[in-house]
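In case you want the letters, here they are:
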Amino acid sequence: MRLRHLLFYATLFIAAHAHALSADEVKGIIFGETDTRVEALNKAALTADEKTVAFIQALSDDAVKTSGDKVFVVKDDKAFDPVTGAEQPLPQDAEDVINPNMMRSELDNALAALKLLSKDEQLRREAIKTLGSDSDEARLPLIEKAWAAETVPALKDQLEMMRAAILLGSSDRAKRLEAAGLLSASKNPATKTVLIERLGTELDADVKVALQAALAKVEASLAWGDKLGAIFSGISLGSILLLVALGLAITYGLMGVINMAHGELMMIGAYATYVVQGLFQKYLPGAFDWYLLAAVPVAFLASALMGAVLERSVIRFLYGRPLETLLATWGISLMLQQLVRSIFGAQNVGVENPVWMSGGVQVLGNLSLPYNRLVIIGFAIAVLLGMGWLIGRTRLGLFVRGVTQNRPIASCMGVNTARIDTYAFALGSGIAGLAGCALSQVGNVGPDLGQGYIVDAFMVVVLGGVGQLAGTVYAAMGLGILNKFLEGWTGAVLAKIAVLVIIIIFIQKRPQGIFAMKGRSAEA
Amino acid sequence: MSTPFPTINDSLLAEQGTDLAPKVPAQARPPAPSSPGRVELPGKGPLLTRSGWSAFVIALIVVCAVAPVLNLWVPEGHALHLSTYAVALLGKIMCYAICALAMDLIWGYTGILSLGHGVFFALGGYTMGMYLMRQIGADGNYKSNLPDFMVFLDWKELPWHWTFSDSFVATLILIVAVPGIVAFVFGYFAFRSRIKGVYFSIITQAMTFAAMLLFFRNETGFGGNNGFTDFKRILDIPIATPSMRMTLFVMTGLTLLGFFLFAKWLVGSKFGRVLQAIRDAETRVMFSGYSPLGYKLTIWVISAVMCGVAGALYVPQVGIINPGEMSPANSIEIAIWAAVGGRASLIGPIVGAFIVNGAKSWLTVAYPEFWLYFLGALFIGVTLFLPNGVVGLVKKLRKGAEQ
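From first to last, the protein sequence lines are chains A and B. Residue numbers for the first sequence follow full-length UniProt numbering, so the first one is 1 and each next one is one higher. Residue numbers for the second sequence follow full-length UniProt numbering, so the first one is 1 and each next one is one higher.
One chain only, chain B, in its complex shape (with noise of 0.2 angstroms):
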């Protein structure tokens, strides 16, 4: 690949992919990165400052016990009420908040940008759907043990791969072990023939489009470009009342405080600091005696298990999946979320997810014309000129105000 700025310091960013923006013109910038005063030490752990501690605990009483006394308790009609939809909205957009969380920490913290993680997210939201297909039970359309759309096509019995969708237990198990076999199975290959950078980006892209094209298909026993529709409920409890709308919403709320506390005990550790050495001088770290092979390993499935997860908290609370969130755009739109939060910083990305999704469902509506406009124009904006995302941006004038 050509180099257009052919420095030592230019050709190695690009070739890891590094987009981290140099905040200095590229000529301007000093020969190494490991002049003394740019190496930086990780900062303490997530709860020992006392403003992380306090906007965790915020956040925590946000999800678990405003929202919900807003949704149940307060009256409707009254100013504070939040409504149904206001909860569904919520609990969708945590829902990609933890899809750019996974995303932030294989792009922004080891320097690969995957353009398939709608595959793990779909993968996560298709063995949920199995299960709550299960549990429609003989209520369907056609009065049948089988869902819906195997009675339409005539198929006698479950396809093997439904094998398990009976059990819960065994769903959850699922939920986490299919995209982390996936991805572990895909990674191997791509990571173990060193692919990286763009030809990484692109071949998960085809891998993404390979999905999307398989499950379009009837046979494969996914429900064809329907999906999964209609659920009514779940452990057997009905889907659709306002509580266990609420336990949804709180729970999603949790799993992305977790992730959020897992992600930043992961790139604060020892095994994080690799991850973003790779991502700076992959090289480098192998002359050091590393082998990256097992570290991006790791991160990747790491990633894609965060992003199942998200998908099967995604689909009760949506109400559907179908093969267009394996779509290339949805995954691209993941990194769109990302990169506008701010790479390289965990609050970045789920800020970013909000802003873009708060955005979308607000623009959809009311200027329906205009959200690709807007979106378009939010991607090469930030890109152009917040290459650190909105929270680059606010740590830029809080820098500026402080002098």
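Same shape as in the complex, but just chain A (with noise of 0.2 angstroms):
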């Protein structure tokens, strides 16, 4: 926080007739009602030199004393005089400055105004969004100083927005026609939200016109990136479905096994997720951005081997059974909540993306795509990949489709079918892992994981055709997507009541889902 001061100091453009921080001032921005401080503050700071940004900054720091009628700004145990810079002895009785919210938010919104002429891009991108909706008159000279004077294109428009938005209260008819014209090219949610706000006030007859044409037009820019805003986290959706039930296609429509603690063992990817983190977080803190990439190995290990052992313990006993695999398998979730309730409580534990997670990409005004949901969205078709390459290209995967398709004749070949049916299991036990592992990036990690996506996931996997994997994909995006669709106009719980409702329809005219099978099996 130091640093950068230092380098905000530094890096201050300073007007040329700019003149120094007078007493007068200083006492004017500490002494008095917070109106009149607020007064002088903006006052000062349209004006500012070094020195004034200095004060501003131990003022807003709570680095600032005062005894009688002196002001002392205190530094590493030392008292400086604001205006002249000299070391002064502090008086045993000085006072802290009080400054009251009201104040304090316009100090902040001084800094940043005046961080507006630094030297520095990033600090002047800051303090644009800082600034962002204020629209105070009285820091318009200011804004249109940093406009003449800035040299990036974007902030440049930026500031031009933020100036319009400004000239929109201004009392002037003619600024504020200007302002208007100035808006419509603005591709920012906000200025939607400024220019109705305005509407509501306006009196004159033209100025209204123009305001109604300003926001048409945003609207109208805006509509695109709504569109692809719901198109992108439908496929967002759709992705978090798809590792959902990828597993379950393996585990339910491959081998027949309707297993209920899908969602354990998800939360198992999760919890194992939650581990790598804890232990990244004690021993290499150093390299704690990239634990991300060591839990995804480990959540698929571990959900794998819980798998194995549900497999070898339980659930071959009860192959061609799959309602009493049901049951079974619902008492196995059963425990496994639980037991993670008995080792990590039953309060939900806290799992941090790393850095490069957070934050987006900025695509339109209102359009930003955020890292983590693309992250999730790349792992989904990597994972989609994995496990089309495992099924269709290894020899794992030939003695899987060997063994579903025709057992005994299997057998007859040579293939152990009680080992490949580990394998599968376990195979579909660790994507559930890995989509564990995903989820503990964009959603809570408790004992109730698996219990949120269960439905989701038999629904996916059902909808899409059980045994078909491309039924699993098509369903899972147009789950997805329809579920968003929804949500735009009737919120998100009717959307999910929706999306169920129109997948039992659905389900009544397909009952095979998307992609039936074909001949004599489909009836199997």
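Note that these hints are calculated values from the structure, not bench results. On a predicted model such as this, the values are computed, not experimentally measured, just so you know. Glycine included, each C-beta is placed from N, C-alpha and C at the ideal position. Worth double-checking, as some hints may not be accurate.
[Claimed, not checked] Simulated DEER-style distance windows between Cβ atoms:
{"id": "1", "chain 1": "A", "residue 1": "V361", "chain 2": "B", "residue 2": "N218", "range": "34 to 44 angstroms"}
{"id": "2", "chain 1": "A", "residue 1": "N348", "chain 2": "B", "residue 2": "A138", "range": "38 to 48 angstroms"}
{"id": "3", "chain 1": "A", "residue 1": "R316", "chain 2": "B", "residue 2": "G77", "range": "47 to 57 angstroms"}
{"id": "4", "chain 1": "B", "residue 1": "A366", "chain 2": "A", "residue 2": "G350", "range": "30 to 40 angstroms"}
{"id": "5", "chain 1": "A", "residue 1": "A498", "chain 2": "B", "residue 2": "W160", "range": "56 to 66 angstroms"}
Each of the two chains sits in its own frame; use the hints to bring them together as a complex.
This is the structure we're talking about:
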């Protein structure tokens, strides 16, 4: 923090006619009613020099003391005069300056406005972000000054929008008209609210027309972002559904085990991620940002191991009796939930996103794609490709397909079917673990994690057509996008209900899912 | 769907979802289920055997005489006194037993596993709850004629679906009609398009999940996630008095016994035999000239109505109904009771409901950490080792003793 301040003072652009901080200004900012203090502060900010900035910064950091009508800036246990900068003895009775909340936010805004003039592009960017929706007319000269000096086009545009937003509140009709014209080029959702607010209070007819035209233009340019945003979040939800359902597509789709513990296998993956995170925090804090890379294989192995144990101990006795596997795996899921509660407690645990996953890419004014969503989409694609390769191209995949299609013949050919069952189940479980690892980055990690996704997982697999990988992909993406579009006009819960009802109706029409198996095997 | 053991016999069983466990390993089973000696003709009517008759009478006496006497007239502190807590618990479990019985009709006897029976239970419960909410009158926290949650939401009048909630007679009709109609509509479409086995189970689960989400919403008019509670009276009689509790208890017991007799009659009738035929080989039933749709739909609606009645009896005794009753987990638990007791036997599910819920109320108090382990282990153990449930085990032991 300190370093940044120093940098800021050093790079501050100082206007030519700025005059030095005077003792009167200091007293105006420090003493009196909050309103008059704010006024003095804004006035000083307009013609700020290095010392003014340092003083405002010190005030904002609570490093200013007063004694009588004398003002001291305290730094490293030494007191300095804010105007001359000379060191002074700090009297015993010096008191802290009290900044009410209003004063505090004004200080922040003034600092941000001053940073608009900084030579460092990053600081200017931050300052624009901080000021954002603040449309105080007193700040107009400063913004115009910054706008004139700005060289980066994107920032210049943003400054122009800020200027227009402030002008919109001006008492001069011509200025308001100008502002409406300027704002119509905006692609920022905040502009829309500003325009709508102003429309409510605007009295002049011409300005009103101009405002409405601007609003229509802004809305039109926002519509694209809204649509793309819905599609993106649909794909993002779809990729999560896909991850959740892929493992089930093996254990249920291929092997016929109604695995109600699928959600708990995901939960194990999520907790494995949590444990890896904890280990990194403790032993490798330097490499903490990369804990997720280590967590992925750990989550896979933890769930796969658990899956193998379950298959060997319970599920292999129940092949061919799908409804009994439902009961037994439900029992397993209850026990796993309690196990996690006993070990980690009933509360949700915190899993942090690595730094490289926070933030996002700004594509349009109202469309930014968060990195964690992008990473999960990529991850889902990778898992899908990996699984497709494993099932379609490897010896293990060949055996799995052979055993599920015709067990006796596969057995005759010398395939150890029992072992293949274990491998296949462990693979499905491991993929559930990968899903859990991904979910830990976007949702809560707690003992109930699995319960929240189990219905979704089954819906996707059934809708896609049991035993059909491609169907699972289409179903997941379709449901994700459908859900997000419905959310647009009904809200999240009603959209979810609508999707469930649509699935129920769809299954009436096509009981075997999108991709029904054809031929004699369809009924079996 | 794949059939890991693709003998004709097994694939048929798997397809039907009939998991009445084979008593012999799959490979050793005779090839055709119709071979002589395997056809079981229905036994005598429920009350015609001496043991059946006497067991029924004993159950009737326990419910109608022993429990009330022990609770109301034996003084507190006496060794034989039945506490109010115990009465409430028994009443609650009997409601669950009705659900288990209903589940057995549709699952054990017809081979259709429903994972959505919680919806029908809750619909019956909510219908009763609406009447009870109206019975509170202006005695609620806000002293308004409207239920408290509506005042809280700033509603001025009752929504349309509360129209009949004032009348007890209408409520009694709706308790049967609402779950019945919902089940009919859902079942008609599902059975018509020949959804069966696992698919049916999963869409019923989707149904209960959707219903739960819907009832969690405030604007649906069912009290949101708090549901209904704070009931004061029923038929203008205070609900918390010992005699009222006892009346509800006895009514529940009689309902359970009545449904038991009804189910016994049903499964022994020709209708019941067709159901079992559908369970064992639906395709063959169709080839024999029967249309399974009507049979499945009828038993599905009957089963749903039984659950609805159970819910209506449950709510005044427990004093609360909320959307949690519709969670998929609750519906699965109903199936568990039936499985633990033993499917395809009528007494089994009732026994199962008592065992599981008895253990639940004991374990959740004594070893709260332990309850889920126990329940989970019970599910696994029963499916692995007791495919015919406790009743099957008893039968086996008895047979062993005879030899």
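Outcome of the hint check:
At about 37 angstroms, the CB distance of V361 (chain A) to N218 (chain B) agrees with the hint of 34 to 44 angstroms. In this structure, N348 (chain A) and A138 (chain B) meet the distance hint of 38 to 48 angstroms, their C-beta atoms being roughly 42 angstroms apart. At about 55 angstroms, the CB distance of R316 (chain A) to G77 (chain B) agrees with the hint of 47 to 57 angstroms. Our hint of 30 to 40 angstroms for A366 (chain B) and G350 (chain A) holds, since their Cβ atoms are close to 33 angstroms apart.
The hint said 56 to 66 angstroms for the Cβ distance between A498 (chain A) and W160 (chain B), and at roughly 21 angstroms that hint is violated.
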